[in-house]
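Here the structure of chain A is known, so what remains is to put chains B and C in place on it, guided by the hints.
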Amino acid sequence: MNLDCVAGEPVVNQNYFQDHPLFGFVDWSLRGIGQVVFQNNPLSGLIILAALFFNSWIYGSICILGVVVGTATAIALRADSGLIRDGLFGFNGALVGLALVAFTSENFRTGAVPSLYLAVYIVFAAAMTTIVFSSLSTLLGPYKVAALTMPFVLVGWLFLFAVLKFDNIEAGPLAKPVSPDQYVEGVAYVLPTWYMGIGNAIGQIFFQDNWISGYFIIIGIAVHSRIGAGMALIGATLAALVAVIFGAPEGAIRDGLYGYNAALTAMALGGVFLVLTWRGLIYTLFGVVVTTWLWASVAIFLEPIGMPVLTSTFVIVTWLMLIGAYGFSSLTPIPPAEATTPEDNRRRFLAAGGTRDSKVTMA
Amino acid sequence: MNLDCVAGEPVVNQNYFQDHPLFGFVDWSLRGIGQVVFQNNPLSGLIILAALFFNSWIYGSICILGVVVGTATAIALRADSGLIRDGLFGFNGALVGLALVAFTSENFRTGAVPSLYLAVYIVFAAAMTTIVFSSLSTLLGPYKVAALTMPFVLVGWLFLFAVLKFDNIEAGPLAKPVSPDQYVEGVAYVLPTWYMGIGNAIGQIFFQDNWISGYFIIIGIAVHSRIGAGMALIGATLAALVAVIFGAPEGAIRDGLYGYNAALTAMALGGVFLVLTWRGLIYTLFGVVVTTWLWASVAIFLEPIGMPVLTSTFVIVTWLMLIGAYGFSSLTPIPPAEATTPEDNRRRFLAAGGTRDSKVTMA
Amino acid sequence: MNLDCVAGEPVVNQNYFQDHPLFGFVDWSLRGIGQVVFQNNPLSGLIILAALFFNSWIYGSICILGVVVGTATAIALRADSGLIRDGLFGFNGALVGLALVAFTSENFRTGAVPSLYLAVYIVFAAAMTTIVFSSLSTLLGPYKVAALTMPFVLVGWLFLFAVLKFDNIEAGPLAKPVSPDQYVEGVAYVLPTWYMGIGNAIGQIFFQDNWISGYFIIIGIAVHSRIGAGMALIGATLAALVAVIFGAPEGAIRDGLYGYNAALTAMALGGVFLVLTWRGLIYTLFGVVVTTWLWASVAIFLEPIGMPVLTSTFVIVTWLMLIGAYGFSSLTPIPPAEATTPEDNRRRFLAAGGTRDSKVTMA
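Chains as they are written, first to last, in this note's numbering: chain A, 1 to 363; chain B, 1 to 363; chain C, 1 to 363.
So that you can see chain A by itself, here it is in the shape it has in the complex (with noise of 0.2 Å):
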């Protein structure tokens, strides 16, 4: 990701930070937070910082260890440092620990605080994701495309297997349903079904069960881009729709299980990797309510087994529909390298053009 000076957004002198000695390393935790929801900024971080805290200090502070884990990892490999100072080794670190207290905590809306083991494991995984993605950038750099939460995602299927079964590490059955099967079903769909509904998708990102932690996360987004925000929103209201109109369990569709991908999705594809325009959103809708089937079809999948979902079916979908786009000469498909936010994305595109081959001189 490049520099994130975005003309007409309000930027706080964040270089200062970025560069800065002591500074410089909260700089780069801070962004990493926000990297989860693609925004490279210190002050969203923070922003979602608050919102994790405001629903949990337990995540809160999970959530630092994480982030500040897996930057400290790339630090002592000597990773890319242009990486580590955009927050790109941070944010699977602060997923992964959020997952693991979530899953293993009889209360799943406030956490527990993690055991001795259970926190030495969770340093480990953490640090792991700073490893898989390295790896995974290397392996997806021919075709293109950014590692996104993958590395979370499989760290974090593989570290919760085994949490399972240790008996120094306690953990009961899963707390929370993690398919819609697990719903009561035929509950008549009502107001909160949707406000609750879209706001939870955009917590349960962060693994916050607290619709209103979702909308100071929406404000996090928007202090770096209105557009990411709107994405945001979009995605989480358009899952809701399809889950209703296919008659969906109302519970499922309230806690934001079916719209928390079909979120990040929205965001992904709408202006961060693809420039966004009228064909570029249709194709991005078009993934967003694939991702909300997808959703419930790992989850039934998953279900036997006991495990969650995660945000597999955002990356599935996202990584087939950018690595598609580049066939598709209708959409301008962005490199991870050149990504930076909706707008300024747009704005380049169409300052070299705004066609298809002005592709070739973004770079």
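Don't read these hints as lab results, they were simulated from the structure.
Built from N, CA and C at the ideal position, the CB exists for glycine as well.
Incorrect hints may appear among the rest.
[What the hints assert, rightly or not] DEER-style ranges, computed between Cβ atoms:
#: 1; chain 1: B; residue 1: Val-190; chain 2: C; residue 2: Ser-115; range: 42 to 50 Å
#: 2; chain 1: A; residue 1: Val-113; chain 2: B; residue 2: Gly-141; range: 28 to 36 Å
#: 3; chain 1: C; residue 1: Gly-354; chain 2: A; residue 2: Ser-115; range: 49 to 57 Å
#: 4; chain 1: B; residue 1: Ala-50; chain 2: A; residue 2: Arg-109; range: 57 to 65 Å
#: 5; chain 1: A; residue 1: Leu-22; chain 2: B; residue 2: Gly-82; range: 16 to 24 Å
#: 6; chain 1: C; residue 1: Val-187; chain 2: A; residue 2: Asn-15; range: 55 to 63 Å
For chains B and C alone, coordinates are given in the frame of chain A:
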């Protein structure tokens, strides 16, 4: 795939229709149906479509819907026109439409008219195969192998899972056995085990539980490539033989389940993507035997989650054996862009000297 | 793998046999057995084979059958002769033969003489590993990592599933526990937990449930690389320690199940494919801990379908960590074509300057 004006083949001025502004789309769609069995020929597609209508007008119509949506999506997204004109964006759409109807109908043999919800779902699934085809072709490009029916398999699995959980799409448990486990053991092998089993194996490629349709499909293949038709028969026959020798359930053999992947492997390796020589033939027969065993493997693996194998074992074995073949100098694999019919591939190979080194000059 | 004329190692004019028209095949096959534990040395292979015969003449014979079929298939298909001569087409065949006998025998420890049906099946499986090795080597080529034992894991899984369903191959449910779940919990750790567990971990690499055979195999490794033997011991010991700390079942530790993947990861990362430096050692130990946890993870994942983990976690962790290592300038990974012994790799690295930049000049 290149032009299919194969010397010694009955060619009815195909390019006239392929280039026609009005009839072009019909030509490309018929080729799409033919491409399921590697025949870039509208007449093959037409005969196969007739074989489907012979069994059930529902399946025939769904096949048309799928191939049209897949091809039209590619046109709307401005995909490579050469690939569109060869029907390569249509065959996965046709298959996914057939699969979604077959596995949601109470009567597998005839299928049921889809509800509006299911019809919308099929349209999205068929459109998604076009995107996944583009994506997989890019991913596989460096390795010079074709995407085969993997877009259908992936989209089919993902969409089938979800379809079973939406209230507004009525779908009982799969009416059709999908694994050898579900057949009675100990039934004696009789003559119909063979002639019905071989015909059904060809039919099952298109989800047709009708052995007479299967033999019609063979005729559709033969009008474009007699070697191709022979390979389909050899694949289905050898699969039945292997299943009998290893004591597989009679019902599964008679239903053609052991043979439909094997028939596809036989066609793909037996001349289309590998020059047909004596060594190539032995390699192909080896692949047919392995595909037969692996169908049983994958069927048993997928049974607990109620998923059908689709054509996954054909794709896996063919990919591994074709990519592997590039490392064996006794074999001459053919990159997708140069592959036509077994007859034409072999003619060009012999014209170029008939040795491995001549592979370089085939392009 | 290059020549193994390692400075400071006892070399008995190996190339004499490797080039010999008559004894060459014996030399390549023995190297193939050694390559399971990364030793390109016929004497290592011979000692390991003796360790197998010490446990059971059946396993010893099957190991010979597998390595011979794998190597002969490569010769028949005219694969790269350098790879054949280094035994790289044999080791996956040996492993898949051992696995198919081990998991179809009533007595896991000694194995049973295979029926004719199973013997045919083993020959096909071993031949298939040669094709999959070629395929995976091509797929992994751009990323400069080796196929490791993945051909064995893939073919082993696919063939094991099917074998359980053919009437003419007698196979009960797996006699051997394949997951920590299947062991009694709460048994106290005692001294034999350690010395038997470590020996068994090495033995389990070759499916030998015999801790004395395990220590013989260590000797086989040590004749070619003392660092390699040390790494195998460190890997197995650290795995047992991690399992004990996290409260794993005593029986699974004593049977070596937590340790066989970890020992392989320790050898692969500890000098063979990554230059052994202090940072490299810490990276390796991290990988050993993660491999140990993930063995438990994958075992629990595969248990419902009754599949053993085989060496899948070793391959997954080693691939991710090696591909990731190319992105970390504190580490020096070694492409497969240049990897020899830990001693020789380190010597060349130091001779070239001992810094990351010297990696370029190693080729």
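Structure-based check of each hint:
1. Roughly 26 Å separates the CB atoms of Val-190 (chain B) and Ser-115 (chain C), a value that falls outside the hinted 42 to 50 Å.
2. For Val-113 (chain A) paired with Gly-141 (chain B), a C-beta distance near 50 Å fails the hint of 28 to 36 Å.
3. The given range of 49 to 57 Å is broken by Gly-354 (chain C) and Ser-115 (chain A), whose C-beta atoms sit roughly 42 Å from each other.
4. Distance hint check for Ala-50 (chain B) and Arg-109 (chain A): the Cβ-Cβ separation is about 60 Å, which falls inside the suggested range of 57 to 65 Å.
5. Under the hint 16 to 24 Å, the C-beta atoms of Leu-22 (chain A) and Gly-82 (chain B), about 58 Å apart, miss the expected range.
6. Distance hint for Val-187 (chain C) and Asn-15 (chain A): a CB-CB separation of about 59 Å, consistent with the stated range 55 to 63 Å.
The structure fails hints 1, 2, 3, 5 (numbered hints given earlier, in ascending order).
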